[in-house]
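Residue numbers (the numbering used here), protein chains in the order written: chain A, 1 to 286; chain B, 1001 to 1316.
Among the hints, erroneous ones may be present.
Just the calculated beta-carbon pair ranges, DEER-fashion [said to hold, decoys possible]:
1. A31/A with K1233/B: 44 to 52 Å
2. V22/A with V1154/B: 37 to 45 Å
3. V1306/B with S171/A: 46 to 54 Å
4. R1123/B with P103/A: 41 to 49 Å
5. V1299/B with G113/A: 51 to 59 Å
6. G113/A with T1291/B: 43 to 51 Å
7. R1179/B with V22/A: 46 to 54 Å
8. E1054/B with W65/A: 29 to 37 Å
9. I51/A with N1275/B: 33 to 41 Å
10. V1013/B with A31/A: 29 to 37 Å
11. L278/A with L1057/B: 22 to 30 Å
12. H1067/B with G143/A: 34 to 42 Å
So, partial list: chain B residues that the calculated Cβ filter (under 7 Å) puts toward chain A [as the list claims (entries may be wrong)]:
13. L1012
14. I1017
15. P1115
Derived by calculation from the structure, the hints in this document are not laboratory data.
For clarity, every value in this text was computed on a predicted model and none was experimentally measured.
Ideal Cβ positions, reconstructed from N, Cα and C, are used throughout, including at glycine.
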Amino acid sequence: MAALDVEVEQIAATPARRGRRVFWLAIAWIAMVVAAAIAADWLPLASPSDIDLMARRAGPSPDHWLGTDALGRDILSRLVFGARISLTVGLIAPLLGLFIGGPLGMLAGYFRGRIETLVVGGIDVLLAFPPLVLALAITTYLGQSVLNITITLGILSIPSLTRVARAATLSFADREFVTAARALGASHRRILMRELLPNIALPLIAFFLLVVAVIIVIEGALSFLGLGVPAPAPSWGGMIAEGRDSLDTAPSIAFLPAGAMFLTVLAFNIIGDRVRALTDPRQGAL
Amino acid sequence: MLGFVGRRLVYLVPVLIAVSLLTFLVAALLPGDLAVAMLADEATPEKMAALRSEMGLDQPLVLQYLHWLGGALAGDLGRSLRTGEKVLSAILQRLPVTLELMLFAQLIALAIGVPVGILCAVRNGGAFDRLMTAIAFGKLSVPAFMLAIVLIYVFSVTLKWLPATGYVPLDEDVVGNLRSFVLPAVTLGFGEWPVLMRVLRSDMIATLQEDYIAMARAKGLKRWRILLVHALKPSSLTLVTVTGINIGRLIGGTVLVETIFALPGIGRLLIGAINTRDFVVLQGVVLFVATGFVLVNFVVDILYGVLDPRIRYGRA
């Protein structure tokens, strides 16, 4: 079992948190980050890559609301443009996994037999690699770019999403409404799309949100190691790594992106947790 | 039991073959010519052809794979493109550092997870329990590298208690060696305690409702004795296996932590190989790590079966 998988399961295993306020705060934060990332080009921000050696490690000022980093670049602007990378990779990679893993898991859970053996075997092989190690190996050969990192992390998210889709499908495949549809002469395709998909969609989406959180962390780790999106493009992980050298004089250079990342990952975890609670009547958090 | 081990073993072989194939193919099939990458600016057609035949790159892929796999099985993972060092001996030389790091991390995770788990189970639903469960949930959103930065800031930069980087070999200076492992091990171990705590907590809550616990209480036994002797032991079966699974997780985490704290372990070797584009080392380390990962999980699987007979006869 690979870490990505365990990590997600670990989140999924925590009892669902109540508290509507926290949930809406999480939604609000994500909405704000997404809006800022989309509108970054039109916002009145300094350029994220303009170097100002006269104003290195400066504190907050009207020109630079959150101060500047070790090269005098505007931190707020780098945070906003960094959000673009984190969100692009963090959302698209799991989507890739969802669109490949979801159908695979459904087919495996519905048809069973040889298809299932093949799918489960393939998952086991992918899970045999520690995800960070696999991500590092693939991006090294592919070369560092947003596209390549997204593809790599997309591949990494396939196994866990496949497993969830399969498990959810298994739990519905023998239910009466499926038998009834089959008795009425519905095709496999119709049963899968009309009967099963609507039922497994919600648990799958809840899990997807948790995967988003994990992928943002892995992308951050890659960037932190200098093996993510190449410089000078700002990324949260990269900013944290750069800020390390200034910890003694200007710790906020590292702590601001760390805080942004923490809140974003936490928000996705809270939202995913909440959606999962909706699908799991045992939690009684409806 | 033997049948169970046998079935798992039969499953292990194809997985390991597939892992080696994937490791090999990632290197062989992805775009980018190894010879070009290695020669960089000096790449001329003649040099590239010579290098290709020297490395066997002009042979069919299947032969290349079999050749590589044969070498790997005989303990020969090739030689580093940069230093000429044997890859396997480079790995084995760095293995103790990684193992020491993983050991300390695991101990720290247990040292936090077990007491917290017990206390939460005793006061199930109380303020402490809710606080710790919330912290455990929040912890899931703190990546290791973020925690590392905070720890370095607090303990190295501000308090100046511990070194932020650097490694002192064990045989040179035991105290120095331990000091150099504190921050890395805390970083790595801190990610693991919530898992241990949660598993122990839920097992312990179930155990504490057993009749024999009520009996022990009725006999007037000391509270801590009931908890540590009567309740902890039967509750710790799952804990053992989860600790095993964690070893697998830690293998991945060491890459990051070793790099941050400049510990000369296998993770550093991997990152170094990536930075210098030393593909032979990269391939060797990935194969070694993935094989270790698979084997650890295999042992944990067996352990599961030993501890819980239902698994032995149920699935499989």
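Here is how each hint holds up against the structure:
1. A31/A with K1233/B: 44 to 52 Å: holds (50 Å)
2. V22/A with V1154/B: 37 to 45 Å: The hint (37 to 45 Å, Cβ to Cβ) is violated, given that V22/A and V1154/B are roughly 27 Å apart.
3. V1306/B with S171/A: 46 to 54 Å: violated (29 Å)
4. R1123/B with P103/A: 41 to 49 Å: holds (46 Å)
5. V1299/B with G113/A: 51 to 59 Å: violated (30 Å)
6. G113/A with T1291/B: 43 to 51 Å: violated (30 Å)
7. R1179/B with V22/A: 46 to 54 Å: violated (40 Å)
8. E1054/B with W65/A: 29 to 37 Å: Taking Cβ atoms as reference, E1054/B and W65/A lie about 57 Å apart, which means the hint is violated.
9. I51/A with N1275/B: 33 to 41 Å: The hinted range 33 to 41 Å is violated for I51/A and N1275/B, with Cβ atoms some 24 Å apart.
10. V1013/B with A31/A: 29 to 37 Å: violated (50 Å)
11. L278/A with L1057/B: 22 to 30 Å: violated (54 Å)
12. H1067/B with G143/A: 34 to 42 Å: Since the Cβ atoms of H1067/B and G143/A sit about 27 Å apart, the hinted range of 34 to 42 Å is violated.
13. L1012: Constraint on L1012/B not satisfied, violated at 10 Å.
14. I1017: At about 9 Å, which exceeds the 7 Å cut-off, the nearest Cβ of chain A leaves the hint on I1017/B violated.
15. P1115: P1115/B check fails; min Cβ-Cβ to chain A is 19 Å, beyond 7 Å.
Consistency with the previously given hints fails for numbers 2, 3, 5, 6, 7, 8, 9, 10, 11, 12, 13, 14 and 15, ordered from lowest to highest.
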